[in-house]
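> Residues per chain are reported as follows:
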Amino acid sequence: MRRLLALVLLLQTLHVGLAEAADKYLVLVVTDPYLEMHSGPGRGFPIVYVIGRDELVTVLYSRTDWFKVRAPHGQEGWVRRSDLSRTLLASGEPAPIPPYPDFASHRWEIGAGYGVYNRENLVTTYADFGLTSSLDVEFVVQQAFGTLDNRYIATIGLRHTFIPEWKWFSPTAGIGTGYQFIQDVVPPAPLQNNNEMAYVSLGARGFITRRFMWRADWRHYVVFNNQNVYEDLEEWKLDLAVFF
Amino acid sequence: MEIRLSSILLVAALLSGCSWFHRGNKGPPEVVAEEPQGEPSIVEPQVTRRVVKTPKIKAKDFEVGAYFGALSIQDFGTNPVYGVRAAYHVSEDIFLEGYVGRSKAGTTSLEDVFPDITVVSNSGRYFTYYDLDVGYNVLPGEIFLGRGRAFNSALYVTVGMGDVKFADKDQFALNFGVGERLLVTDWMAIHLDVRDHIFETDLTGRTKNVDNIEATLGLTFFF
Numbered sequence: 001m002r003r004l005l006a007l008v009l010l011l012q013t014l015h016v017g018l019a020e021a022a023d024k025y026l027v028l029v030v031t032d033p034y035l036e037m038h039s040g041p042g043r044g045f046p047i048v049y050v051i052g053r054d055e056l057v058t059v060l061y062s063r064t065d066w067f068k069v070r071a072p073h074g075q076e077g078w079v080r081r082s083d084l085s086r087t088l089l090a091s092g093e094p095a096p097i098p099p100y101p102d103f104a105s106h107r108w109e110i111g112a113g114y115g116v117y118n119r120e121n122l123v124t125t126y127a128d129f130g131l132t133s134s135l136d137v138e139f140v141v142q143q144a145f146g147t148l149d150n151r152y153i154a155t156i157g158l159r160h161t162f163i164p165e166w167k168w169f170s171p172t173a174g175i176g177t178g179y180q181f182i183q184d185v186v187p188p189a190p191l192q193n194n195n196e197m198a199y200v201s202l203g204a205r206g207f208i209t210r211r212f213m214w215r216a217d218w219r220h221y222v223v224f225n226n227q228n229v230y231e232d233l234e235e236w237k238l239d240l241a242v243f244f
Numbered sequence: 245m246e247i248r249l250s251s252i253l254l255v256a257a258l259l260s261g262c263s264w265f266h267r268g269n270k271g272p273p274e275v276v277a278e279e280p281q282g283e284p285s286i287v288e289p290q291v292t293r294r295v296v297k298t299p300k301i302k303a304k305d306f307e308v309g310a311y312f313g314a315l316s317i318q319d320f321g322t323n324p325v326y327g328v329r330a331a332y333h334v335s336e337d338i339f340l341e342g343y344v345g346r347s348k349a350g351t352t353s354l355e356d357v358f359p360d361i362t363v364v365s366n367s368g369r370y371f372t373y374y375d376l377d378v379g380y381n382v383l384p385g386e387i388f389l390g391r392g393r394a395f396n397s398a399l400y401v402t403v404g405m406g407d408v409k410f411a412d413k414d415q416f417a418l419n420f421g422v423g424e425r426l427l428v429t430d431w432m433a434i435h436l437d438v439r440d441h442i443f444e445t446d447l448t449g450r451t452k453n454v455d456n457i458e459a460t461l462g463l464t465f466f467f
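Chains A and B, in that order, are what the protein sequence lines are.
Per my numbering, the first sequence runs over residues 1 to 244.
Per my numbering, the second sequence runs over residues 245 to 467.
Because the hints were derived from the structure by calculation, they are not lab data.
Note that beta-carbon positions come from the ideal geometry of N, C-alpha and C, so glycine has one too.
Some clues are possibly wrong.
With a cut-off of at most 25 Å between alpha-carbon atoms, the simulated SDA-like pairs for lysine to any residue come out as follows [what the hints assert, rightly or not]:
#  : chain 1 : residue 1 : chain 2 : residue 2
1  : A       : K24       : A       : E76
2  : B       : K302      : A       : D83
3  : B       : K304      : A       : H106
4  : B       : K413      : B       : Y374
5  : B       : K300      : A       : Y61
6  : B       : K348      : B       : D319
7  : B       : K300      : A       : T58
8  : B       : K302      : A       : L56
9  : B       : K302      : A       : E55
10 : A       : K24       : B       : K297
11 : B       : K304      : A       : H73
12 : A       : K167      : A       : L238
13 : A       : K167      : A       : F207
14 : B       : K409      : A       : Y114
15 : B       : K452      : B       : V438
16 : B       : K297      : A       : R80
17 : B       : K300      : A       : P72
18 : B       : K304      : A       : P72
19 : B       : K409      : A       : Y152
20 : B       : K302      : B       : W431
Residues of chain B placed beyond 10 Å of chain A at every Cβ, according to the derived structure [as the list claims (entries may be wrong)]:
#  : residue
21 : I286
22 : G350
23 : E424
With the sequences and hints as input, model every part of the structure.
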């Protein structure tokens with residue numbers, strides 16, 4: 001127990017040491033009558049200290065909407081984003097509190113969700129990079145759980161958002177290509193385990209809060225195989241995602 | 245008449261020729277405003293403007309860690325389980341979480357009573373799962389340890405889905421969980437979680453939904 005305690009203390013000092021080593025913290029000047037410091041990064045945590053006007057506040061790091069700060073006399077606490085954004089730099093310029101990425105022109109999306117692929121349950125994940133505000137490249141990796149087989153699907157495609165400025169609901173369309181790997185569960189085994197595919201998609205996306213968004217997609221796949229008739233598959237899915 | 249006309253033309257040609265010679269000059273030289281003599285000229289500052297680089301604020305919204313506990317696999321007894329987890333905190337209320345875990349099932353009562361019967365092969369007894377969750381901090385607050393110490397904490401609920409590989413078969417699984425996060429420091433947290441992995445199986449004869457409840461203790465770090 002004593003060893004564990006020693007280890008925890010050692011880790012703590014190490015961490016503090018590392019944090020202090022990077023001594024380039026942002027220092028801001030309070031311009032409101034006072035700046036409230038909460039005991040935790042949440043709206044309900046009590047105010048434990050206030051920093052007066054014209055005093056300096058050191059910003060250590062942020063978590064979601066809250067900033068861990070240090071008062072001139074060493075007291076530490078959490079300050080709300082909206083409060084901290086009203087402080088100034090020593091030069092008199094407004095505090096460089098990074099704003100949330102603009103939903104209409106964000107660059108990256110990473111998300112996951114549920115869907116139905118070929119009438120099978122589907123777990124889906126995706127990453128999406130915006131080439132422009134309306135044209136994106138999307139990478140999707142998903143797993144479909146069937147009674148007869150288990151499929152892994154990976155696709156890459158282009159997606160166009162028709163009106164990116166529409167915040168809550170904006171329609172999208174896409175095309176792409178991919179690959180599916182079929183793992184046989186119940187005999188008979190499929191004639192081919194690996195297929196190349198192409199798809200077209202129609203969908204929509206919308207903003208939820210902060211960095212959080214939703215996306216829905218319907219896709220029609222054409223699965224290329226070595227038989228006479230190509231296989232047609234349908235898929236729909238709903239993703240929750242974070243954008244940067 | 246003719247001489248008069250040609251002399252006019254000659255004069256015109258001469259004039260144009262003169263103007264052609266003047267083409268190089270750009271009019272009369274501009275009058276430069278000269279500083280009055282005797283007064284000192286303004287000194288050009290020889291210093292370059294200092295580029296002030298404001299330090300960036302580090303965001304510590306990611307949480308990564310590991311957990312260990314017990315998983316009750318329906319019909320197969322309760323066994324140790326371990327796994328790793330990663331979370332991204334979107335707001336003070338919502339977080340997205342993913343985890344991967346593993347356990348090994350014991351024997352069913354049928355196998356205990358009749359040792360010759362095997363329901364699942366030895367390699368199939370591994371219970372491996374991954375899950376993608378969305379979580380909500382329902383009851384954030386502080387936990388007091390004695391008079392002088394308070395730890396930030398949150399009771400959260402999670403819902404999600406993923407894959408459970410059991411008996412050499414991948415099944416789509418839903419999962420529901422409730423947990424308590426206790427922040428020992430602002431960058432390290434202890435988690436107590438109870439989660440249920442629900443999926444459909446026909447391993448024991450008839451198709452049914454099985455509940456596989458796990459209770460785990462975890463340690464995570466924010467960065």
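> Please go over all the hints and tell whether each is borne out by the structure.
Hint check:
Proximity of K24 (chain A) to E76 (chain A) is assessed by CA-CA distance (about 17 Å); at most 25 Å being required, the pair is judged to hold. With a C-alpha separation of about 18 Å, the suggested pairing of K302 (chain B) with D83 (chain A) holds against the 25 Å cut-off. Straight-line distance between C-alpha atoms of K304 (chain B) and H106 (chain A) comes to about 20 Å, which keeps the hinted pair within the 25 Å bound. The suggested pairing of K413 (chain B) with Y374 (chain B) holds, with an alpha-carbon distance near 14 Å, which does not exceed 25 Å.
Restraint check for K300 (chain B) and Y61 (chain A): satisfied, since their Cα atoms lie roughly 9 Å apart, inside the 25 Å limit. The suggested pairing of K348 (chain B) with D319 (chain B) holds, with an alpha-carbon distance near 13 Å, which does not exceed 25 Å. With a C-alpha separation of about 12 Å, the suggested pairing of K300 (chain B) with T58 (chain A) holds against the 25 Å cut-off. Among the hinted pairs, K302 (chain B) with L56 (chain A) is consistent with the structure: their alpha-carbon atoms are about 19 Å apart, no more than 25 Å.
Restraint check for K302 (chain B) and E55 (chain A): satisfied, since their Cα atoms lie roughly 22 Å apart, inside the 25 Å limit. At roughly 10 Å between alpha-carbon atoms, K24 (chain A) and K297 (chain B) fall within 25 Å of each other, so this suggested pair holds. Taking the CA atoms of K304 (chain B) and H73 (chain A), the gap is near 24 Å; set against the 25 Å cutoff, the hint holds. Between K167 (chain A) and L238 (chain A), the direct Cα distance comes to roughly 17 Å. Compliance with the 25 Å bound is thereby established for this hinted pair.
Taking the CA atoms of K167 (chain A) and F207 (chain A), the gap is near 6 Å; set against the 25 Å cutoff, the hint holds. With a C-alpha separation of about 18 Å, the suggested pairing of K409 (chain B) with Y114 (chain A) holds against the 25 Å cut-off. Annotation: proposed proximity of K452 (chain B) to V438 (chain B) holds, straight-line Cα distance about 22 Å (limit 25 Å). Our distance criterion of 25 Å between C-alpha atoms is met by K297 (chain B) and R80 (chain A), whose separation comes to about 24 Å.
Distance restraint check for K300 (chain B) and P72 (chain A): the Cα-Cα separation of roughly 20 Å lies within the 25 Å cut-off, and the hinted pair is therefore satisfied. A hinted pair counts as satisfied when its Cα atoms are at most 25 Å apart, and K304 (chain B) with P72 (chain A) qualifies at roughly 23 Å. Straight-line distance between C-alpha atoms of K409 (chain B) and Y152 (chain A) comes to about 14 Å, which keeps the hinted pair within the 25 Å bound. Under the criterion of a C-alpha separation no larger than 25 Å, the hint pairing K302 (chain B) with W431 (chain B) is consistent with the structure, at around 13 Å.
No Cβ of chain A approaches the Cβ of I286 (chain B) within 10 Å, the least distance being about 25 Å, so the stated non-interface status holds. The Cβ of G350 (chain B) lies farther than 10 Å from every Cβ of chain A, with a closest approach of about 24 Å, so its non-interface assignment holds. For E424 (chain B), the requirement that its beta carbon stay farther than 10 Å from each beta carbon of chain A is met, with the minimum near 15 Å.
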